[in-house]
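Could you put together the complete structure from these sequences and hints?
Those protein sequence lines, which keep their order, are chains A and B.
Going by the numbering used here, 120 is the number at position 120 of the first sequence; the sequence numbering is gapless.
Going by the numbering used here, 59 is the number at position 59 of the second sequence; the sequence numbering is gapless.
It should be emphasised that the hints constitute simulated quantities derived from the structure, not laboratory data.
From a predicted model like this one, the values you see are computed outputs, not experimental measurements.
Possibly wrong hints are sitting among the right ones.
The calculated lysine to aspartate or glutamate pairs, modelled on EDC-like cross-linking and capped at a C-alpha distance of 16 Å, are [claimed, not checked]:
{"hint": "1", "chain 1": "B", "residue 1": "K18", "chain 2": "B", "residue 2": "E29"}
{"hint": "2", "chain 1": "A", "residue 1": "K63", "chain 2": "A", "residue 2": "E98"}
{"hint": "3", "chain 1": "B", "residue 1": "K63", "chain 2": "A", "residue 2": "D117"}
{"hint": "4", "chain 1": "B", "residue 1": "K18", "chain 2": "B", "residue 2": "E75"}
{"hint": "5", "chain 1": "A", "residue 1": "K113", "chain 2": "A", "residue 2": "E129"}
{"hint": "6", "chain 1": "A", "residue 1": "K113", "chain 2": "A", "residue 2": "E59"}
{"hint": "7", "chain 1": "B", "residue 1": "K63", "chain 2": "A", "residue 2": "E129"}
{"hint": "8", "chain 1": "B", "residue 1": "K63", "chain 2": "A", "residue 2": "E139"}
{"hint": "9", "chain 1": "A", "residue 1": "K113", "chain 2": "A", "residue 2": "E57"}
{"hint": "10", "chain 1": "A", "residue 1": "K63", "chain 2": "A", "residue 2": "E129"}
{"hint": "11", "chain 1": "A", "residue 1": "K113", "chain 2": "B", "residue 2": "D77"}
{"hint": "12", "chain 1": "A", "residue 1": "K113", "chain 2": "A", "residue 2": "D101"}
FRET-style restraints, in silico, Cβ to Cβ [to be verified]:
{"hint": "13", "chain 1": "B", "residue 1": "S60", "chain 2": "A", "residue 2": "P96", "range": "20 to 30 Å"}
{"hint": "14", "chain 1": "A", "residue 1": "E59", "chain 2": "B", "residue 2": "T70", "range": "18 to 28 Å"}
{"hint": "15", "chain 1": "B", "residue 1": "P90", "chain 2": "A", "residue 2": "P46", "range": "44 to 54 Å"}
{"hint": "16", "chain 1": "B", "residue 1": "K63", "chain 2": "A", "residue 2": "E151", "range": "15 to 25 Å"}
{"hint": "17", "chain 1": "A", "residue 1": "P43", "chain 2": "B", "residue 2": "G98", "range": "55 to 65 Å"}
Note that CB positions come from ideal geometry on N, CA and C, so glycine has one too.
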Amino acid sequence: MGILSRIKRRLPIVGGDREPRPSEAWTPPTSTRATSPAAEPPPPPPPPRTADEVRSEIEEDVKNHPIVLYMKGSERAPQCGFSAAVVDMLQQLAVPFETRDVIADPVLRQVIKDYSDWPTLPQLYLGGEFVGGCDIVREMHEQGELKKAVEGALQGA
Amino acid sequence: MSNSPVGGGPVQQSITSKLADAFAPVALEVINESFMHSVPPGSESHFKVVVVSQQFADESLVKRHRMVHTALRSELDAGLHALSVEALTPEQWQARGGATLESPQCRGGSKSD
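Listed below in structure tokens is the structure:
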């Protein structure tokens, strides 16, 4: 096994889910790597939004949508069992809901944790209020509370 | 239910002792569920904790979870990947017959971390 593949294998433990702080957010590399002279330079990626910009987006999102789920992956392709479980419960209730994919948006991934003061994902917002993660949503679902909370959020919309 | 020997690795031991100190629990389970996810064998990245304590009485679910997060702040900051929490009062625990819910299987999202 090569060094690289060993390092790659270790990444999930070492890096874990500790998100980069906004100050460490990815920025375009300044060093010029050797590339084929014929190759067109790839278009520069859009600059990362600031934490404040993303915070405002979250505020608008949870205000404008009665049910918002911040999750890993999409509704159709969740990339985490906990996110998939919450999607499944919302689908069982047959209600429309918005999802935001934090894997596709590293800045959102950090900021939503700070915004909610909650260290893990998924995170469910109903009627602008933070409800909890998978464990709490599941417990509410089992008690029949989730349906009531979801209906309340939809009526308040 | 645990996949690890009693006591487990250093992270599991640290989680166990911090929860025991913080909540004086009448029942406490710290389960290393890392084996269910796309991480190397022996990892301590995904945990489920079941804490049964009188301190959770009269507290909302969100508040209970925040209390657990606070107790485990340094583990979370150090890169604990997933933490599933069940925070119950002794009455709830008894009513449930001491059963633990199963956690969902991974869908590969941690590979990209």
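Given the hint that A:K113 pairs with A:E129, test it: the Cα-Cα distance must not exceed 16 Å.
-> 14 Å, holds
Could you see if the CB distance from B:P90 to A:P46 stays within 44 to 54 Å?
-> 53 Å, holds
Are the Cα positions of B:K18 and B:E75 separated by 16 Å at most?
-> OK: B:K18 and B:E75 at ~10 Å, within 16 Å.
Given the hint of 20 to 30 Å, check if B:S60 and A:P96 actually sit that far apart at their C-beta atoms.
-> 26 Å, holds
Is B:K63 within 16 Å of A:E139, Cα to Cα?
-> 14 Å, holds
Starting from A:K113, check that the Cα of A:E57 is at most 16 Å away, please.
-> Answer holds: A:K113 to A:E57 is near 14 Å, not above 16 Å.
Sort out whether B:D77 lies within 16 Å of A:K113, counting only the CA atoms.
-> Holds, because 12 Å separates the two Cα atoms, which is no more than 16 Å.
Verify the proposed pairing of B:K63 with A:D117, using a straight-line Cα cut of 16 Å.
-> 11 Å, holds
Starting from A:K113, check that the Cα of A:D101 is at most 16 Å away, please.
-> Within the cut-off at roughly 13 Å; holds.
Just tell me: holds or violated, for the beta carbon distance of B:K63 and A:E151 against 15 to 25 Å?
-> 24 Å, holds
Does the structure keep A:K63 and A:E98 at a Cα separation of 16 Å or less?
-> Satisfied, since the Cα-Cα distance of roughly 12 Å is no more than 16 Å.
Take a quick look at whether B:K18 and B:E29 sit within 16 Å of each other, Cα to Cα.
-> With a Cα-Cα distance of about 12 Å, the restraint between B:K18 and B:E29 holds, given a limit of 16 Å.
Against the hints set out earlier in the document, no violation occurs for any number.
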